[in-house]
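S.K.: The residues making up each chain are set out below.
Number of protein chains: 2
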Amino acid sequence: MSWNRVAVVGAGLIKFGELFDQSYEQMAAGAFAAAVDSVDHGFEPSQVEAAFVATQRGTLWGQEGIGGNTVPSAIGLAGIPCTRIENACPSGSDAFRVGAMAVASGVHDVVLVIGVEKMRDKSAEEGLLARAAAGHPIFTRGETAPVLFAPFATRHMHEFGTTREMLASVAVKNHYNGARDPYAHFQSEITVEDVLASPSVCSPLHLLDCCPQTDGAAATLLVRADIAERFTDHPVYVAGFGVATDHPYLHEKSSFVGLKATQLAAERAYAMADVSPADIDCAEVHDCFTITEILDIEDLGFVDKGKGGVASLDGETSLTGRIPINTSGGLLAKGHPIGATGVAQLTECWWQLRGEAGDRQVELRHGNALQHNVGGRGSGVSVINILTTNQP
Amino acid sequence: MSWNRVAVVGAGLIKFGELFDQSYEQMAAGAFAAAVDSVDHGFEPSQVEAAFVATQRGTLWGQEGIGGNTVPSAIGLAGIPCTRIENACPSGSDAFRVGAMAVASGVHDVVLVIGVEKMRDKSAEEGLLARAAAGHPIFTRGETAPVLFAPFATRHMHEFGTTREMLASVAVKNHYNGARDPYAHFQSEITVEDVLASPSVCSPLHLLDCCPQTDGAAATLLVRADIAERFTDHPVYVAGFGVATDHPYLHEKSSFVGLKATQLAAERAYAMADVSPADIDCAEVHDCFTITEILDIEDLGFVDKGKGGVASLDGETSLTGRIPINTSGGLLAKGHPIGATGVAQLTECWWQLRGEAGDRQVELRHGNALQHNVGGRGSGVSVINILTTNQP
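Going down the list, the sequences are from chains V and W.
Everything in the first sequence is counted per our numbering, starting at 1 for the first residue and increasing by one.
Everything in the second sequence is counted per our numbering, starting at 1001 for the first residue and increasing by one.
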């Protein structure tokens, strides 16, 4: 089944970083303005019929109860329907999927999807990582994000001979790409030695194996595919998407060398888009840690299980490699403002498919790009969207 | 335009109250089981293709980052897509709308919408009301919910001669209805004198003018209208819905005797369902405070602006009145577990339209029921769903 009923006619983001000088609402407005400006034939903000806002913690790290329905007023569109979508780290990816379904349902013709997250206004102790501990009385104490992913690295190294240098090569590649992305939080190249020498966070993950805490916002404009030509001569279509959940606790996992939610979501997304991994020109995947990208490219079918570390070290995932991964710099270099992350990844895919990625542009062979996030307690949810330039 | 592409084939809830003995996940599982049991021709849980979970604060009042994607594992459905919808007090209503759009989009044939909220596990000081203060540095200090709604009561009394007795009559009616609802938090009748004699919270609102803090969960099962007959001979259809936002701060309001978001959402919902207020047999509306129900019935077009107080005192909104309102007991008696509230209201509408409301059953003349929530900082968002037994 090929779907392609929804087109992306605009996308944009604000420069990611430590944005103490911008409010949550200002960040959202900046991303919206960038998306509006990106529409080839022009776009009137009043054309937006409904909005979906991805924010993981509301505002001020969840100290405030709401973070979605205040956005329309802030961007000059008070009155329009606005819904907050939260799905842990894939919040932005899932808001995009829900926005696409809203268009496909026939209820709305033009929908705005905004992702926005304030990560730095509260200290780490008041913020998400200190609070991510879940309801289980025993199994979740001390479960910060590095603690959730490090066991996968240990096991991957044990089963497949993956080395710390292979992990580091992911960070080196993504910082190389980030240095070519004007929107990235970090824009300087690093070396394998830098990664190995950085402080240990949770063995075997060191500081440069981890993504930073970043503020940011991104936005996309979705319309019915059959009216896309009003907005652009170069539409990008939503080819398909897939979402899957998994049991949330680590002791419930069936494997520590792969993420079941990603594997299941990938099956669904490829089936809906009627493509295979070989049809994908480039992908933005969830590299919250270096090991995560290695798991991702295996679980998404770009390399065989166990070969992700070698493929990364060998440059298969570089800008000029067989399957370029995280051309934007990824979470590791561009940053990970949770609600914004997926929407920003989709913006990178949109730029790549339109040939607008500048120094980061990949070779387009099939006209398909994939975007992926995994998250939640113990990688309990994965969301994938596939974009295409191929006509419906 | 008549819509009617989605049918509700199951709905149910757990008894609302102070549920210290149930976890968040247990509450969700209880509501899911109730919805499954309600399907006339039987329902296999494995038929659920995707879920939408309404929770306003995640779990533990937002102390935990996630509250949606852990639900599938808890109800035996790990693997299915699951998205958390948050839209302040209308979170449950909006999850229902999003679930309906997911079915209408053609992506999913069978969708579960669950609303669940833990309101009592944290003290009020740690909970929502103490944290609802928003980003504006001046205008939002001390803005608890009663403070946000009391000025509307004061102004309504000034402009239209509404009295405290009229406000109290809303609470008396809803507690009367709640005494006939086995799922209500409070199941005892009260008098106007009880309301007037209860302690002042924020003048002119007294304790019994305010809804309680309640734990609860509710669930509905949505399917494509053209396959509804597999599940039931008595389907209820989604006739339409409407959502509207408003500027969030009180000083930005254009009126203090009506809620603009509700008026705009009502226009949209009536237009989509192709009905007028006179076509509605009964309605569940947002009575977080007595004044709110008076504003609602005016803004929804059931009575003229300014006449809501008199209509309430005169019994027009009672079970046997012209337009029965909050037959379930409403937020005032049934309770207001935020994410669950809208889904529970829709369950009451579903029971009423199927003639299954027992002692609370209203006379069915047109086969339409309306459900409404308003919320967010300064009533910044309103969501309305209209259900019908009329064939598509």
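Derived from the structure by calculation, the hints contain no laboratory data.
Beta carbons: idealized from backbone N, C-alpha and C, even for Gly.
Keep in mind that the hints are not guaranteed to be accurate.
Residues from chain W that face chain V, not an exhaustive set, calculated with beta carbons under 10 angstroms [unchecked claim]:
(1) Arg1005
(2) Phe1052
(3) Thr1055
(4) Gly1068
(5) Cys1082
(6) Val1107
(7) Asp1109
(8) Val1243
(9) Ala1278
(10) Val1381
(11) Thr1389
(12) Pro1392
Computed footprint of chain W on chain V, listed as stretches where at least three residues anywhere in the stretch have a Cβ under 8 angstroms from a Cβ of chain W [claimed, not checked]:
(13) 105 to 116
(14) 225 to 237
(15) 245 to 253
(16) 286 to 300
S.K.: If a hint holds in the structure, say so; if it does not, say that too.
M.R.: Hint by hint, here is what the structure shows:
1. Arg1005: holds (8 angstroms)
2. Phe1052: Holds. Min distance 9 angstroms.
3. Thr1055: holds (8 angstroms)
4. Gly1068: Hint holds; Gly1068 of chain W Cβ to chain V Cβ min 6 angstroms, cut 10 angstroms.
5. Cys1082: holds (5 angstroms)
6. Val1107: The hint holds - Val1107 of chain W has a Cβ within 10 angstroms of chain V, the shortest such distance being about 6 angstroms.
7. Asp1109: violated (13 angstroms)
8. Val1243: holds (3 angstroms)
9. Ala1278: The hint is violated - Ala1278 of chain W has no Cβ within 10 angstroms of chain V, the shortest such distance being about 25 angstroms.
10. Val1381: At 4 angstroms from the nearest chain V Cβ, Val1381 of chain W passes the 10 angstroms test, so the hint holds.
11. Thr1389: violated (22 angstroms)
12. Pro1392: Cβ of Pro1392 of chain W sits 14 angstroms from chain V, so the hint is violated.
13. 105 to 116: Held - the segment 105 to 116 of chain V has 3 residues with a Cβ nearer than 8 angstroms to chain W, which meets the minimum of three.
14. 225 to 237: That given contact is violated, which follows from only 0 residues of the segment 225 to 237 of chain V lying within Cβ reach (below 8 angstroms) of chain W.
15. 245 to 253: Contact hint for the segment 245 to 253 of chain V vs chain W: holds, 5 residues under 8 angstroms.
16. 286 to 300: violated (count 0)
Against the hints set out earlier in the document, violations occur for numbers 7, 9, 11, 12, 14, 16.
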